[in-house]
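If you read the sequence shown in the working numbering, its first letter stands for residue 4, the second for the next number, and so on.
Treat the hints with care, as some may be off.
Unchecked claim - Restricting the straight-line Cα-Cα distance to at most 25 Å, the calculated cross-link-like pairs of lysine to aspartate or glutamate (DMTMM-like) are:
#: 1; residue 1: 68; residue 2: 181
#: 2; residue 1: 216; residue 2: 191
#: 3; residue 1: 95; residue 2: 46
#: 4; residue 1: 202; residue 2: 191
#: 5; residue 1: 173; residue 2: 71
Keep in mind the hints are simulated off the structure, nothing from the lab.
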Amino acid sequence: MIFKRTSLQDYFFNSQVALTNARNNEKIYPLISAYNMNTEKIDQGLTTLQKLMTLDYAKTVAHGKQLEARAALYNLLAEVHPTYMEHMNFTKLKCLKNPARLGRMMLLVPRERTLNGWLRQSETFYTNLLDDTEMVTELETNAITLDKLNAAHTKIIQVEQANSAYNDTKGIAQNALEERDAVLAEFDLWMKEFIYICKVALRNHKQLLESLKIQVLSRGYVRQKSEAPSADNTVEVDAKTLSKKAEEAKTILAKASEAVKMSEAVEVKETGSREKVLPGNNGADASGLGAEVQQVMEQ
Numbered sequence: 004m005i006f007k008r009t010s011l012q013d014y015f016f017n018s019q020v021a022l023t024n025a026r027n028n029e030k031i032y033p034l035i036s037a038y039n040m041n042t043e044k045i046d047q048g049l050t051t052l053q054k055l056m057t058l059d060y061a062k063t064v065a066h067g068k069q070l071e072a073r074a075a076l077y078n079l080l081a082e083v084h085p086t087y088m089e090h091m092n093f094t095k096l097k098c099l100k101n102p103a104r105l106g107r108m109m110l111l112v113p114r115e116r117t118l119n120g121w122l123r124q125s126e127t128f129y130t131n132l133l134d135d136t137e138m139v140t141e142l143e144t145n146a147i148t149l150d151k152l153n154a155a156h157t158k159i160i161q162v163e164q165a166n167s168a169y170n171d172t173k174g175i176a177q178n179a180l181e182e183r184d185a186v187l188a189e190f191d192l193w194m195k196e197f198i199y200i201c202k203v204a205l206r207n208h209k210q211l212l213e214s215l216k217i218q219v220l221s222r223g224y225v226r227q228k229s230e231a232p233s234a235d236n237t238v239e240v241d242a243k244t245l246s247k248k249a250e251e252a253k254t255i256l257a258k259a260s261e262a263v264k265m266s267e268a269v270e271v272k273e274t275g276s277r278e279k280v281l282p283g284n285n286g287a288d289a290s291g292l293g294a295e296v297q298q299v300m301e302q
């Protein structure tokens, strides 16, 4: 959407204010009409906005009905499920030696975890149980009367009806949402063109842009270019850098001189000649230190 960080209702309000002010303001309209944003086009935008607001309200109403239908479904389901489980468990106890009966009432298969599967199993259970008068008589010994079985069966039918009503409202709400979103995308694209024309036509009139709810950054928020450093500052920085490099070079030279003195090993031969021997692992390489000094100075 054009107006950032706002709710959909704020978007509708800001758009209506922008279009109404653009059409009625004597200073704004001549400037934007030069870019062919005339009264006819603005009225088209307002008409689309009104249609969008109507569809959004219809979507809200449909969503509310969907929530009501879901609540009614869950309330019925919570009411009948414990009774159904009680009747089912007592029936299993009575039919332990008669698996054929259990099969007819779908008590030999795992319980379905989906609502449609649960409805199918519970409806089959009560339909076949009520047809079995002998089984109903046996259940009466546990205070599960025919009236209670019929009442539970009626509740199952009501759950089926509530589930069907919920699915209908869910479909209506989904269609309303898709229809609203289609018009919203169309209007948002139209508003982008409108906002762009206003920014171009009113680029020298910031206050007029603000009257259209178009955000304009103040000068304090505009990023300024950084100033180039002066020549004096540059020289001062370079002098400090060179002084630091010189100190580092002196330190390395001192280490090199000490390393050379410590690494000289004199081997006295029979001829009396002296030969310098630099240890491979115990001393430092003087030529390497010299190269390091040169590298520091060149940085």
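Structure-based check of each hint:
The hinted pair formed by residue 68 and residue 181 meets the criterion: a straight-line CA distance of about 17 Å does not exceed 25 Å. Straight-line distance between C-alpha atoms of residue 216 and residue 191 comes to about 15 Å, which keeps the hinted pair within the 25 Å bound. This hinted pair does not check out: residue 95 and residue 46 have alpha carbons roughly 71 Å apart, beyond 25 Å. Distance check on the hinted pair: residue 202 and residue 191 sit about 16 Å apart at the alpha-carbon level, within 25 Å; holds.
The suggested pairing of residue 173 with residue 71 holds, with an alpha-carbon distance near 11 Å, which does not exceed 25 Å.
In summary, the structure is inconsistent with hint 3 from the numbered list given earlier, while agreeing with all the others.
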